[in-house]
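Undergrad: Next come the chains, spelled out residue by residue.
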Amino acid sequence: MIQHGPEDRDVFREQYERTRSEAGRQVERLVLGHEVGLNGYTTVDQAQRLSECLNLSPDSVLLDLGAGRGWPGTYLGWSTQCRVVLSDIPVEALKQARTYAEGRGISRLVSCVCAEGMTLPFDHDCFDGVVHADVFC
Amino acid sequence: MLRACHDVLKPGGRIAGYTIHTPQGLSESQGKRASELGPSEVLSEASPVDLLRAASFNVIVEQDVTEHFRATCEAILRARSDLESKLRNEEGDALFEEEQEGRTLKLRGITEGLLQRSLIVAIKT
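Quick mapping for you: the protein sequence lines, in order, are chains P and Y. Here the first sequence is numbered in the numbering used here, starting from 56 and rising by one per residue. Here the second sequence is numbered in the numbering used here, starting from 3 and rising by one per residue.
In case anyone wonders, no lab produced these hints; they're calculated from the structure. Hints may be right or wrong, so weigh each one.
What the hints assert, rightly or not - Partial selection, computed: residues in chain Y whose CB lies under 8 Å from chain P:
no., residue
1, 10
2, 13
3, 63
4, 85
To be verified - SDA-like mimics (lysine to any residue), calculated; alpha carbons at most 20 Å apart, straight line:
no., chain 1, residue 1, chain 2, residue 2
5, Y, 12, P, 173
6, Y, 88, P, 76
7, Y, 12, P, 180
8, Y, 12, P, 112
9, P, 150, P, 180
10, Y, 88, P, 84
11, Y, 88, P, 80
12, Y, 34, Y, 48
Claimed, not checked - Pair ranges (Cβ atoms, derived):
no., chain 1, residue 1, chain 2, residue 2, range
13, P, 114, Y, 48, 23 to 29 Å
14, Y, 63, P, 84, 25 to 31 Å
15, P, 178, Y, 90, 45 to 51 Å
16, P, 88, Y, 105, 14 to 20 Å
17, P, 178, Y, 69, 21 to 27 Å
18, P, 160, Y, 97, 31 to 37 Å
19, P, 178, Y, 56, 31 to 37 Å
20, P, 136, Y, 94, 45 to 51 Å
This one's a predicted model, so the numbers in the text were calculated from it and none came from an experiment. No residue lacks a Cβ here, since even glycine has one placed at the ideal position from N, Cα and C.
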C-alpha cells in the first residue's frame with residue numbers, strides 16, 4: 056500500500072476535467088447508489104459504515120482526504136450534519152465537489168482545500184475524524 | 003501522509019477508510035503481477051495496518067471487504083457492458099475500452115487473490 060504521488064497529478068487533473076457522461080452517471084447510480092463521479096468502489100452502505108465507525112455528530116469536524124469530487128465526505132456531511140473539509144490536489148475536482156454540496160443544500164457545512172496529503176495545511180489536533188476511500192492504494 | 007493525518011486529528015479522533023492492497027507474503031513475481039492488475043501503485047511492502055501503527059495509530063477495526071469489492075467490480079463491468087453503445091457515444095471508444103480493460107484487470111487480480119480491499123479504522127490515542 057502506498058499513496059499517490061505528485062507524478063499522478065496530471066492523470067488526476069485530466070480525469071477530473073473530463074465531462075462526465077450521462078451513461079457514466081447511470082452506471083454509478085445503478086451500482087454504487089450515488090452519482091458523485093467516483094472512480095473508486097465505495098457504495099452508499101459502505102459510506103454509512105464509515106459514518107458509524109467515525110462516531111460523527113453535528114458537532115464533529117471531518118477531513119475527507121483525497122476527496123476528489125467529494126465522496127464520501129459530502130455524504131457524511133449531509134447524513135450527520137457534521138462540518139467537512141474536502142482536501143485534494145485537483146482544483147477541478149474540488150470545484151465539482153462544491154457544486155455537488157450546493158446541490159444537496161449543505162454548502163454551509165463544506166469547505167474545500169487544495170492541498171497535498173503529506174503537508175496538510177491545518178493546525179494540529181483540529182479534526183475529530185479523517186475519512187478516505189481508495190486513496191492509499 | 004498517515005503521520006500528517008495523525009498530527010491534525012484530536013486525541014481520541016479516528017481515521018477510517020477503505021484501502022485496496024495486496025495480501026502479505028506475496029512473492030516478488032506475484033507482487034509484480036498485482037501491480038500490473040491493480041492500481042499501478044499497489045505494493046506489498048507493508049500492510050495498511052502496519053503503516054497505521056507506524057504512524058502511531060491504534061487500529062481498532064480491520065475488516066476484509068474483498069468479496070464486496072469483487073461483486074462491485076463485476077457489477078460495474080456488467081452495467082458498462084449493458085450501456086456500451088451509450089457510453090461509446092458519450093465518452094468515445096478509446097476511453098470506454100481503457101476503462102473496461104482497467105476494471106477487467108482489477109477483477110482478475112481479485113479473483114487471483116492478489117488484490118484485497120479492507121475497511122480499517124484507527125484511533126489517535
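Undergrad: All hints are to be evaluated individually against the structure, with a verdict given for each.
TA: Here's how the hints hold up against the structure:
Restraint check, residue 10(Y) versus chain P: the minimum CB separation of about 5 Å is within 8 Å; hint holds. Residue-level restraint check for residue 13(Y) holds (minimum Cβ-Cβ distance to chain P is 7 Å; threshold 8 Å). At a threshold of 8 Å, the smallest CB-CB gap from residue 63(Y) to chain P is about 6 Å, leaving the interface hint in force. With its C-beta approaching chain P no nearer than about 5 Å, residue 85(Y) sits inside the 8 Å limit, and its interface hint holds.
Taking the CA atoms of residue 12(Y) and residue 173(P), the gap is near 17 Å; set against the 20 Å cutoff, the hint holds. Distance restraint check for residue 88(Y) and residue 76(P): the Cα-Cα separation of roughly 9 Å lies within the 20 Å cut-off, and the hinted pair is therefore satisfied. Between residue 12(Y) and residue 180(P) the CA atoms are separated by roughly 4 Å; this keeps the pair inside 20 Å, and the hint holds. With a C-alpha separation of about 15 Å, the suggested pair residue 12(Y) and residue 112(P) falls inside the 20 Å cut-off, and the hint holds.
Using a Cα cut-off of 20 Å, the hinted pair residue 150(P) and residue 180(P) is violated, with the two alpha carbons roughly 27 Å apart. For the hint linking residue 88(Y) to residue 84(P), the alpha-carbon distance of about 15 Å falls within 20 Å, and the restraint holds. With a CA separation close to 12 Å, the supplied pair residue 88(Y) and residue 80(P) stays within the 20 Å bound. For the suggested pair residue 34(Y) and residue 48(Y), the alpha carbons sit about 15 Å apart, so the restraint of at most 20 Å is met.
Restraint check, residue 114(P) to residue 48(Y): a C-beta distance of roughly 35 Å breaks the suggested window 23 to 29 Å. Taken as a hint, the range 25 to 31 Å holds for the pair residue 63(Y) and residue 84(P), whose Cβ atoms sit roughly 29 Å apart. At about 49 Å, the CB distance of residue 178(P) to residue 90(Y) agrees with the hint of 45 to 51 Å. The supplied range of 14 to 20 Å is met by residue 88(P) and residue 105(Y), whose beta-carbon atoms lie about 18 Å from each other.
Between residue 178(P) and residue 69(Y) the beta carbon distance is about 40 Å. The supplied range of 21 to 27 Å is therefore violated. Against the hinted window of 31 to 37 Å, the Cβ-Cβ separation of residue 160(P) and residue 97(Y) comes to about 32 Å, which satisfies the hint. The hinted range of 31 to 37 Å is not satisfied by residue 178(P) and residue 56(Y), whose Cβ atoms lie roughly 23 Å apart. In this structure, residue 136(P) and residue 94(Y) break the distance hint of 45 to 51 Å, their C-beta atoms being roughly 40 Å apart.
Hint violations for this structure: numbers 9, 13, 17, 19 and 20, all remaining hints satisfied.
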